[in-house]
Every structure is written in C-alpha cells, then in structure tokens.
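First to last, the protein sequences are chains X and Y. If you read the first sequence in numbering that gives the first Met the number 0, its first letter stands for residue 0, the second for the next number, and so on. If you read the second sequence in numbering that gives the first Met the number 0, its first letter stands for residue 0, the second for the next number, and so on.
Accuracy of the hints is not assured; some may be wrong.
Among the chain Y residues that face chain X by a calculated CB cut under 8 Å, a handful are [to be verified]:
#1 T5
#2 A11
#3 K18
#4 I22
#5 T26
#6 D85
#7 R86
#8 G87
#9 D89
#10 S94
#11 R98
#12 L118
#13 I121
#14 A125
#15 E229
#16 E230
Label pairs and their calculated CB-CB ranges [what the hints assert, rightly or not]:
#17 P225(Y) <-> G67(X): 21 to 27 Å
#18 G67(X) <-> A167(Y): 38 to 44 Å
#19 L31(Y) <-> T15(X): 43 to 49 Å
#20 A223(X) <-> R17(Y): 46 to 52 Å
#21 D222(X) <-> R17(Y): 26 to 32 Å
#22 P225(Y) <-> F16(X): 27 to 33 Å
I should point out that these hints are in silico values taken from the structure, not numbers from a laboratory. Every value quoted in this text rests on a predicted model; they were computed, and no experiment measured them. Each residue gets a CB set at the ideal place from its N, CA and C atoms; glycine is no exception.
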Amino acid sequence: MLPASPAIEAAGVSRTFGRRRAVDDVTLSVPAGDCLALFGPNGAGKTTLLRLIAGLLAPSTGTVRVGGRPLRDDADARAQVGLISHQSMLYRALTARENVEFAARLYGVADPRAAAVRALDDMRVLDRADTPVRALSRGLQQRVSIARAIVHAPGVVLLDEPYTGLDAAGGAALTGMLQSLRAARAALLLVTHNVDEGLAVASHAAVMLAGRIVRMADCATLDARTFREEYRALVVNGDGLPTGAPLGLSA
Amino acid sequence: MTGRRTPGVVAAAWLIARKDLAIEFRTRTAFLSALVFAVLALCIFYFTWDQSVVPPADRAPGVLWVVLAFSGLLGLQRSFGVEEHDRGIDALLVSPISREAIYVGKAIGNLVFLFAIQLVAIPALAIFYNLPFGRPLLAVGGIVLLATIGIVAVGTLFSAMAVNTRLAELLLPMLSLPFFVPILMTAAQATTLVFAGRPPAEVWPSLKILIAFDIVFLVACTLAFPYTLEE
Chain X
0 MLPASPAIEA AGVSRTFGRR RAVDDVTLSV PAGDCLALFG PNGAGKTTLL
50 RLIAGLLAPS TGTVRVGGRP LRDDADARAQ VGLISHQSML YRALTARENV
100 EFAARLYGVA DPRAAAVRAL DDMRVLDRAD TPVRALSRGL QQRVSIARAI
150 VHAPGVVLLD EPYTGLDAAG GAALTGMLQS LRAARAALLL VTHNVDEGLA
200 VASHAAVMLA GRIVRMADCA TLDARTFREE YRALVVNGDG LPTGAPLGLS
250 A
Chain Y
0 MTGRRTPGVV AAAWLIARKD LAIEFRTRTA FLSALVFAVL ALCIFYFTWD
50 QSVVPPADRA PGVLWVVLAF SGLLGLQRSF GVEEHDRGID ALLVSPISRE
100 AIYVGKAIGN LVFLFAIQLV AIPALAIFYN LPFGRPLLAV GGIVLLATIG
150 IVAVGTLFSA MAVNTRLAEL LLPMLSLPFF VPILMTAAQA TTLVFAGRPP
200 AEVWPSLKIL IAFDIVFLVA CTLAFPYTLE E
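Just chain X, with the same shape it has in the complex (with noise of 0.2 Å):
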C-alpha cells in the first residue's frame, strides 16, 4: 500500500550526457489519484525524465521516490510500478498470454494466469492471447505492452507515449484504463504528443522544454483550447517558449 505522500516525487533532477544536460533540475509531484500529463516537443528530455522516475536511468543530481521510497534501491517500491514505453518490451518469440504471464510472476501476482487473462481482456485483446507477439500487429503488439505493464495493478503508471500504433478501439480501450487506474487512486504520468489524448485524462499538465519544465497547471482551471494552440504554435516554431505566452497555464 502506498502511503499518503506523493506517489511520484523528483527534486532537483538533473541528468547530463556528457555536456549535453538532458534534464535540468526538475521538480515535480503527483499524488495518489492524479495524473499528470507531460508535454514537449522531441529532444526536451520527456522520455529522459520518465526513465530517472522509472529507475532506469540514475540522476546526476537530486532525488526520485515512489510513494516516499527511492526506487532504485527498493524492491517494494518498484512492485507499485508500471511501465509503457516507446518499445514494447516484449519477447516476440512468446505468446501474448506467455508475455504477460511472465510479468505477473515477476510481480509475485498471485494467481498469474488468470491475471494475464483479465489485463489482456481489459486492452480487448483477449482473443489474440495465443498468437507469438511477431505476429500482432504493432497497434496489438501495443496493447498486449499495455496490459503486460497494467497485469499487477501498479499504484504508480508511467506511460510514455502509449497512445502510439494505437487504433481507435485500442485508444479508447487505454483512455478507460487510464480513467479506472485513476479511479483505483493509482498515479499517472503520462509523456505524450498529443494534447486531446493527454488531457482527457490529466488532472494537471506540465510543458518540458530543453530539459526543464516550464509551465504546470490544474487542468480544472485550464483553458484547454488556448493550451492547444499556443502549445501547438511552440512546437511547431520549436525554438522555445515565446515571452508572454500564456500557453493557458498559469506558471
């Protein structure tokens, strides 16, 4: 059970790649139940950041808990966590059903198979369960990644553009997990492209330009169509936040 401090927490985040600083002394929170939704154009250190809250990647400077614990060090702490990412981490020799079982027992899930079956159910891919991953489709070979990171009912998602390959059916079907997972209290991070998909299922959005995050909001205050052109027009002038913008968040 998490406890009841942020369920994702980063302070001074730094992380450098020889010179080049990837992620700049970034801090961010995201309680229990929330999900934040993380804006950027390529190269702002998006994906950076979600692997140093990951654990994949450790930080030059500053510090990452999950519920309170640090990550990398802390096996507990790790259990409460799921991963989408670009690649779907999947074993393309495996079935569907043997990938996603496979996670359920290195989460100790108690009965893995049923497990594998309801998460596969729940990304309505179910009736491919039998099929070796190389031969799903990429949008399917999606959705079983989705349910292999969902299977051990995490408390702690990090979704890196999941919204990728996806057809409308697989769009939906991840927009109504992402809902339940919320309604569980789970907390989300969500790196993502796509404004309309980001917040239809963000309590707050963040916009992370050059390694930094520049702008955090509530999304309950947010003026989501001036957020979607402003961010839009930054991302297509690419060249950073322009003096003013107001991007319909409030810094």
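Given chain X, work out where chain Y should sit, using these hints.
Same frame as chain X, but now just chain Y:
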C-alpha cells in the same frame, strides 16, 4: 496491493531462465548455429591435421576445448540479445526482482544452452577421434561441467556489457577469451590426462583449480553485474 509476493532471487532467476529457454526452444536459431558450428569445426580439425604426425586421440582435448569455447560464445551472444530487441531488459529492471536474479537467471539459461550443445559435441568428438565411450567420456563430462560453469559466469557478464555496443559480436569474444584462457588451459590439461588413461588422483588437482575458478568468477561476476546495466 494484496495477493502479491515478490519472488526471491532463486525463483526470479528460474523464471528468467525458463523464459529464455522457451524463447530458444521456439526459435532454435542460436542453438542450431552453435551446434552446426561445433560439428563442422570437429570435422575440419579432423581432416586438416596429418594423422601420421599427431594421432587423433592426442589432438582431441585441444580440439574439444576450442570448439566448446567458440560455440559457447555463439550462445552467450544471444543471451542479452533477446532482451535488447524490444528493450525487454527495461521491464526486468523496473520489476521488483533484484539485478543479481537477472544475472543468475541468464547464467542458468546459458548453462543449459551450452550443456545441450556439449551433449551432441562430445559424442561427436568421440566418434570422429575414435575415443573410448564409457568411463573416460564420463570423466570428461565432469571436467566439461566444471569448466562450463566458469565460462558461463564470465560470458554472461560480458554479454550484458557488450550488448549495448555497436560491435557486440566482436566485443564479447575480445572481452571473454582472456578470462576463458585459465579455465580452458586447466580443462584441456585435465582432459588430456583422462584420455591418456592417467589415474584420477592426477586429474583431481586440475578439478580443484576449476572449482576455485568457478567460485571466484561466479561471486565476482554476480557482484559486478548490476553495474553493467547502468547507462
């Protein structure tokens, strides 16, 4: 969360080994290439030496260990290759299992893989080089077992290190072979003694050295492994 109990090191290692073996059983690509390589190498070594100069039985120990070392490298190469394709390794690293469990699981998978190759290669060697089946071959099996543990311990570690590089196929042998040398030398000496019909007391010191190598390499590589996964 209720109803969850994170597997311990042994249970998690077994899960990973079983998964790796299931993948290899489905694809059989690495196994078949390693096996074909082993049998072809035995043939080539047999036919390229003048049998009137060095009798086949005297060549057999050296040939055996050259073939096992290089066919083993083919298997070790694939060990972390399967994790790299769609970044399955990330799912393992985010999961609650320890990094040591990942190493042990990979090593168990590699051990089974190499044993499967040896199960064909050693009888093939006995047939080609006209070696006696029975007790000498069983004794060689024991030497092979001990040497393979050391080879797998080192090779699994370097496979994890090499897989993220552009020259993985080249880097793995370059890193591993210098560490294989003491194991291969000791194992080849022990094998020569067995094929020469020397008493077990003469072979035993070599076996003790192999056991010492196994323990040192297993402990050192298990401790070093978590650092190889850092980016």
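Evaluation of the provided hints:
Against a cut-off of 8 Å between C-beta atoms, the interface hint on T5(Y) holds, since the closest Cβ of chain X lies about 5 Å away. Interface hint status for A11(Y): upheld, as the beta-carbon distance to the closest one in chain X is roughly 7 Å, under 8 Å. Interface restraint check: K18(Y) against chain X, minimum CB-CB distance 6 Å, threshold 8 Å, status holds. Nearest Cβ of chain X to the Cβ of I22(Y): about 4 Å, under the 8 Å cut. The hint holds.
Below 8 Å, beta-carbon pairs count as interface contacts, and T26(Y) has one with chain X at about 5 Å; its hint therefore holds. The closest approach between the C-beta of D85(Y) and any C-beta of chain X is roughly 5 Å, which is under the 8 Å cut-off, so the hint is satisfied. The interface hint given for R86(Y) is met, as the beta carbon of that residue sits about 4 Å from the closest beta carbon of chain X, less than 8 Å. Proximity of G87(Y) to chain X holds as hinted, the smallest CB-CB distance being about 5 Å (cut-off 8 Å).
Against a cut-off of 8 Å between C-beta atoms, the interface hint on D89(Y) holds, since the closest Cβ of chain X lies about 6 Å away. Annotation: S94(Y) was flagged as interfacial toward chain X, and the flag holds, the nearest CB pair being 4 Å apart, inside 8 Å. With its C-beta approaching chain X no nearer than about 10 Å, R98(Y) sits outside the 8 Å limit, and its interface hint is violated. Among the interface hints, the one on L118(Y) is violated; its C-beta lies about 22 Å from the nearest C-beta in chain X, farther than the 8 Å criterion.
Given hint, I121(Y) at the interface with chain X, is violated; its Cβ is 28 Å from that chain's nearest Cβ, farther than 8 Å. For A125(Y), the interface hint is violated, since its Cβ never comes within 8 Å of a Cβ in chain X; the closest pair sits about 33 Å apart. The beta carbon of E229(Y) comes within 7 Å of a beta carbon in chain X, closer than 8 Å, and the hint placing it at the interface holds. With 8 Å as the threshold, the beta carbon of E230(Y) comes within range of chain X, its nearest partner Cβ sitting at about 6 Å, so the hint holds.
Here the CB-CB span from P225(Y) to G67(X) is close to 23 Å, well matched to the stated 21 to 27 Å. Distance hint for G67(X) and A167(Y): a CB-CB separation of about 39 Å, consistent with the stated range 38 to 44 Å. Distance hint check for L31(Y) and T15(X): the Cβ-Cβ separation is about 44 Å, which falls inside the suggested range of 43 to 49 Å. Checked against the given bound of 46 to 52 Å, the beta carbons of A223(X) and R17(Y), roughly 48 Å apart, stay inside it.
For the pair D222(X) and R17(Y), the beta carbons lie near 53 Å from each other, so the given range of 26 to 32 Å is not met. As the Cβ distance of P225(Y) to F16(X) is approximately 20 Å, the hint placing it in 27 to 33 Å is violated.
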